[in-house]
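Go by the hints and put chain B onto chain A.
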Amino acid sequence: MTVETVETVETAETVETQTQGRPESSQRVRVIRRLLRNPLAVVSFTALAVALVVAALAPWLAPYAPEQTDFANTFAPPGTAGHLLGTDDLGRDVLSRIILGTRASLEVGVLAVATAMFIGVPLGLAAGYFRAADSLISRFTDLLLAFPFLILAVGLAAIRGASLGNAAVAIGISQIPGVIRIVRSDTFRLKSLDFVAAAVVDGASDLWVLSRHILPNATSVVLVQATVAIPAAILGEAVLSFLGLGIQPPAPSLGTMLANAQQFAARAPWAAVLPGVVIMVLALAFNVFGDSLRDALDPKASRR
Amino acid sequence: MRRYLLNRAWQSLLTLLLATVVVFLGVRALPGDPALALAGEDRTPEALQAIREQYGLDQSLPVQFWHFVTNALQGDLGTSIRTGVSVSSMLRTALPVTIELAVFAILIAIFLGVGTGVVAAVRRGRPSEWMANAFALFGLSVPHFWLGLIAILYLSVASGLFPASGFVPLLQDPVDNLHHLVLPAVILGTGLSAVIMRQTRSSMLDSLSTDYVRTAEAKGLGPLAVIGRHALRNSLIVVVTIVGLQLGGLISGAVVTEQIFGLPGFGKMTIDAVFQRDYPVIQGVILVTATAYILINFAVDLLYSLIDPRVRVAGEMS
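Top line first, the protein sequences correspond to chains A and B. 1 is the number of the first residue of the first sequence in the numbering used here; add one for each residue after it. 1001 is the number of the first residue of the second sequence in the numbering used here; add one for each residue after it.
Extracted from the complex, chain A is given alone in its bound form (with noise of 0.2 Å):
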């Protein structure tokens, strides 16, 4: 096989490292040095792992148990004596509830990603691969496209009640497109280049050529993908646990503190605002570190 016949440099390395055995370890490396290069990509990332050890530790770091009420201090503003971030209506303590909104938030987060890539990688390698199965697929995306994905959480609440794993399942669902199309169009690009042409001429399976010689080929672009996935299903689950759909009271999420909050903002500032920051804060990090990715993973794609 050789290498010169491949377009671009790029697939050239993708090529040589998957020749010599040792799938991507050199590239990895190279695509960590760009990263730390990149202050953006820094901090965005030492946000994340605050977060995820914030989440992970959630029950021994609040200072209080979330549902925790006191009668005697309700609306205590931030900076009040053991209450860093204040009290809510009943007296909860926004900094525990935060913190354990967090931990839901990401859970969510993770769960639905995982549900769209289990259903959507297989899908899109397969549509991409198998020009019969393309056409069969693709009216499957029509199908889920054309239910927006809080109109699936509301179908979802109507038959099984609203809780924290229907949520994930229903954004889960809405991001299947999103995955299979990436996928897709990556395997699609893959498939025409030498090496899987090389692995088809020497007898490989298609099971095979799939899930060797595809399949690690396009983790970069499925991990991008989840990246920018996450923030979204964060988003996601806010917008269900405000509007009832989601995570219910009085189990702590962002979504459902705002929706409280709604209800007495303007004399609770604080219990308004801190939840839709850290909100921010945590779509944020994922989407600035999933730009970095992309552009460590693909630096030509940005030059552009």
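Derived by calculation from the structure, the hints in this document are not laboratory data. All values reported here derive from a predicted model rather than from experimental measurement. One or more of the hints may lead you astray.
To give an idea of the interface, some chain B residues facing chain A are shown, with a C-beta separation under 7 Å as derived from the structure [what the hints assert, rightly or not]:
#1 Ala1019
#2 Val1021
#3 Leu1137
#4 Val1142
#5 Trp1146
#6 Ser1252
Here are a few chain B residues that sit away from chain A, every Cβ distance over 10 Å (derived from the structure) [claimed, not checked]:
#7 Ala1009
#8 Leu1095
#9 Phe1111
#10 Ile1152
#11 Phe1162
#12 Val1182
#13 Thr1215
#14 Val1240
#15 Arg1277
Beta carbons are placed, not taken as given, at the ideal position from N, Cα and C, and that holds for glycine.
For chain B alone, kept in the frame of chain A given last:
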């Protein structure tokens, strides 16, 4: 061209049929006896029997489906089990509110999205590019319903610049109508503009590096003429598609926005129906959404193929 249109029409019809089946089966997937769910408060055996007959629940699934489709085609989407009002007449009062909100929001989104997208593409490496990109990043990351809450808090409650909630029909008082819709439309529109901005930017970058743009520059055309008449015109094709694809986001966004601003539209009708377990209304709302999405995207595809000859050719080849 004709083959492409027929092909797209057939695909849309098929999707519509599948969507109808999904909605139909969804209601049948309700736990327990659907008659119980549809009965609401009145659960006497006679009432249940009447509902089974009314909805044909005692018949086989294919027969039920046939009735469901033929009724829907005649505009009969069932009756609310809470108010006894027909779903189609509820839609007739709710949809104009949502459509007006959506149209304003799309106009704002296109204006903001295309504007910042062009700036980001044309002013590469300048502070204005950086600002346009930051605008899009924030647009993708801010929970817009929260922005709505903040706007109500500071622009309506505190300063009284805008009404915090409610709606006045367009025909009754156009000025008051606009006054009520400005904030919701801006909030919903900025939400959509981020995606439009990113698409405009990348397709503008593509257009700017094409030969015909370079030719136009070489001819000595000023930057405004090159950007406006050549590069942007080509990029608008992409924007049309994005607006079609964003329709789902627009519908979801409208539901939330209406809820926050207390607009009596489609979204409020939907959310109320969920909490009242008003299944015929939920079913009607979902069916109408799916149908609207499919039909509008079909229309977008038609428009697209009229503007861009390459699409026609590609459609004929597939």
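How the hints compare with the structure:
no., hint, result
1, Ala1019, "holds (5 Å)"
2, Val1021, "violated (9 Å)"
3, Leu1137, "holds (6 Å)"
4, Val1142, "holds (5 Å)"
5, Trp1146, "holds (4 Å)"
6, Ser1252, "holds (4 Å)"
7, Ala1009, "holds (13 Å)"
8, Leu1095, "holds (15 Å)"
9, Phe1111, "holds (23 Å)"
10, Ile1152, "violated (8 Å)"
11, Phe1162, "holds (15 Å)"
12, Val1182, "holds (20 Å)"
13, Thr1215, "holds (20 Å)"
14, Val1240, "holds (16 Å)"
15, Arg1277, "violated (7 Å)"
In summary, the structure is inconsistent with hints 2, 10 and 15 from the numbered list given earlier, while agreeing with the others.
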